[in-house]
Amino acid sequence: MSEWAGRLDNPLSARLRDPGFTGYAGLVLGVFAAFLAIPPIEARTTTWPIVVGIVAVALGIWTVTRGRQRLGWGAVVSGLLGIGLGILATRSGTSNLEAVFNASLVAQTFAFSTPLVFGAIAGMFSERSGVVNIGLEGMMLMGAFWGVYGADKGGSWVVGLIVGMATGGVLALVYAYFAIHLRADQIVGGTAVNFLALGITGYFFFQLYHGQYVRTGVSTIPNVNIPFVKDWKFLGPAVGGLNLMIWLSFVLVIVSYVVLFKTPIGLRIRACGEHPRAADTVGINVYLVRYGAVVLSGLLAAAGGVYLSDGFAGGTFNDNMTEGRGFIALAAMIFGNWRPAGAFGAAVLFGLSSAVALRLQVYSASASTLFNVLPYVLTLIAVAGVIGRTVAPAADGKPYVRQ
Amino acid sequence: MSEIDPETSAPESPEEAAQSGTLAASIALKQRAGGLVVPVLTALLAFMIGGLVVLATGHNPLLAYRDIFNGAGLNWVFHPTTSVVNTSAYNLSQTLLQTTTLILCGLAVAFAFRCGMFNIGGQGQYFVGLYVANWLGVSFAGMSPLPHILLAVGGATLAGALWAGIAGFLKATVGAHEVISTIMLNWIAIWLGEWLFGDGGPLQNTANKTVPISGDVADSAKLPVFWGEKELQGLHVGFFVAIAALVVFWAILNRTTLGYEVRAVGFNPEAAAYGGINVPKNLMRAMAISGAFAGLAGGLDMLGYLYHFGVSDIPANSVGFLGIAVALLGRNTAVGTGLGALLFGALLFGTTHGLSSNVIAPELAGNLTYIIQGLIVLFVGADVLILYIWNTRRKLKPRARARATEAAA
Chain A
1 MSEWAGRLDN PLSARLRDPG FTGYAGLVLG VFAAFLAIPP IEARTTTWPI VVGIVAVALG
61 IWTVTRGRQR LGWGAVVSGL LGIGLGILAT RSGTSNLEAV FNASLVAQTF AFSTPLVFGA
121 IAGMFSERSG VVNIGLEGMM LMGAFWGVYG ADKGGSWVVG LIVGMATGGV LALVYAYFAI
181 HLRADQIVGG TAVNFLALGI TGYFFFQLYH GQYVRTGVST IPNVNIPFVK DWKFLGPAVG
241 GLNLMIWLSF VLVIVSYVVL FKTPIGLRIR ACGEHPRAAD TVGINVYLVR YGAVVLSGLL
301 AAAGGVYLSD GFAGGTFNDN MTEGRGFIAL AAMIFGNWRP AGAFGAAVLF GLSSAVALRL
361 QVYSASASTL FNVLPYVLTL IAVAGVIGRT VAPAADGKPY VRQ
Chain B
404 MSEIDPETSA PESPEEAAQS GTLAASIALK QRAGGLVVPV LTALLAFMIG GLVVLATGHN
464 PLLAYRDIFN GAGLNWVFHP TTSVVNTSAY NLSQTLLQTT TLILCGLAVA FAFRCGMFNI
524 GGQGQYFVGL YVANWLGVSF AGMSPLPHIL LAVGGATLAG ALWAGIAGFL KATVGAHEVI
584 STIMLNWIAI WLGEWLFGDG GPLQNTANKT VPISGDVADS AKLPVFWGEK ELQGLHVGFF
644 VAIAALVVFW AILNRTTLGY EVRAVGFNPE AAAYGGINVP KNLMRAMAIS GAFAGLAGGL
704 DMLGYLYHFG VSDIPANSVG FLGIAVALLG RNTAVGTGLG ALLFGALLFG TTHGLSSNVI
764 APELAGNLTY IIQGLIVLFV GADVLILYIW NTRRKLKPRA RARATEAAA
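Chains as they are written, first to last, in the numbering used here: chain A, 1 to 403; chain B, 404 to 812.
Okay, chain A solo, but in the shape it has when bound (with noise of 0.2 Å):
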């Protein structure tokens, strides 16, 4: 408490000394001291690891003395883990190397965590508000399917991802019907959510395409070459080919973050989710706003959702495509503590862990389960409060009623 205190006679001072910046740089550097070994970089020879990752570790154990505890350890860790991947990374065979660290696993990692940012934000709009949002992976298969179902007849992609966000919009709506007016658990609700739109994506898709394959040639959503940079070493095949949606989904955190804490909306949609009443009491609509939040949420998943079949799979669609990636989306929320930028931290990373997966897969079937695996480990992990407390909105998932 005195730390606060403190904080609070002087502001501008305690930021200043917040052993909190060395916390995270430790933590970077952690990272970086395995990154240094792998592709572009490269380094052959133990030494820069080493030397990277001790930093990492002195910077932990300085915040460690300063009083953040859990950060200070994260950093001490990620100093340590650093060592000891950069040492392994060494070991290993240039070639094999190569072949799972390039250019393209940053533009494999974008793709892989596009949909996951689109469903973390989209999440985040719900439960920021106060509703619970488990329906995450239902409102991103409907826009996988419908949105491929409507490049495919609308004849652009421009009305494939109008199709597939509306109609993660209306399955919103209903769940923000159950959820707001009839006060239904959100939990059962969102869970109902994922049911109704893995049958209905499923009875359609048999019944309108025979199970099969799209036709091929559907419009997909183009990739954005950039003409000067695409042809630039290490930029070039990293992010000079990128999918529209990926460019799209920078700019949706960026937005998303203004939103939600630079505008008056974002502050009546916090509102409603850290103390309704109060909310209500200064004039707040709080149905309204949790309408708009939860119908947005359903927009934004699903536009993941179109991203997944139209953009990233090419135009095909397959049963229970989304395969968790709305629950991975949801973790990545909470991992990001419900915030934009670690929402998209979170999914990034967790994008980075599932293209190494599938790299791996070749090599080593356990590794590449092991980085599959990552993301619910680390989410369980953050939920546990081992590595910093995750605090949900304060009346995330209680049903309001009006006096």
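Think of the hints as simulated: they come from the structure by calculation, not from any bench. Glycine included, each C-beta is placed from N, C-alpha and C at the ideal position. There is no bait here: all hints are sound.
Here are the computed distance ranges between Cβ atoms for each label pair:
1) B:Ser715 - A:Leu173: 32 to 38 Å
2) B:Ser715 - A:Thr47: 42 to 48 Å
3) B:Asn463 - A:Gly155: 29 to 35 Å
4) A:Phe228 - B:Thr613: 45 to 51 Å
5) A:Glu323 - B:Lys684: 36 to 42 Å
6) B:Thr485 - A:Gly155: 54 to 60 Å
Once you've looked at the hints, dock chain B against the given chain A.
Same frame as chain A, but now just chain B:
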């Protein structure tokens, strides 16, 4: 005793406490008075909407439901026989096989609900039970049948209990929400299976190392089949275990101190703590018992009819999630869960392998099950909707009575 989850409807102010308290109390009262009415209405409504989807896509819903009814072997009641050469008898035995699993998966959800927790991780607990039963069933091949079966079933039950216990422990110690932790544990269990049975995994079969499937359970660990043939996936004695589990569930909750404490915590954790009940301990116990039911389901399935499990079987399996619908439809009671499991067991088999129909393809019908399942869960979760239906029923009654007296006069 209220059936609704007290935690999620926890009041945030005294005024709301009074309000939601009466709401919960009135729902509980009406549920006791209503008995079967609300769940039956819910199911009928879901089947009707599902029928509309079937109708809209150009199939006859009544004929489709008739075929599903026959596919589930429920037409067996019109001409009962125990010979599984008869299609309806065979289908019924398969439906009961699914019912066995669903009873236990439903109880897993229901037990946690009674302690105020939502165990969404039945699927993961079922899987770890399945894995452990497979491991114990494949190894120790030299054992005599009864100890081997007991060992494997016991191991599976314990594994489920421990898996759910992680979530219970996190909830009790650091307050991690059980919904999040059980979802994560589900996916960890799924990937665990991919690793165990996958290429080079520790439980992969020894005969063919290119196929990602587990080894076959030894004969000594296979459960006796009492209806049908072992080779044709007959109904195993696990069915009686599931029925017994229903009784055990009822007895634990209603006739033991443990059950009393669990229900007290579920009804109001603060009041329970004030009354001297150790809340964290009960949260852990309830979660572990809940997981034990799901683990037992996995164990019985593995030893009863699956015998082996492959990587490709993992995503196709969703009985743990179906357990949520079963428990909710059964209002978290023993009898209700049994009936709910029978309904969903019939749907599960009747819309897929059992279905022979020229009205609706199994692929469509199988997805229809998901739609109906989703609708049931959606409607059951809505307390206000149920209240509304109940109130209109009550309002309609005097009107009908008035009309009757008018007509008489």
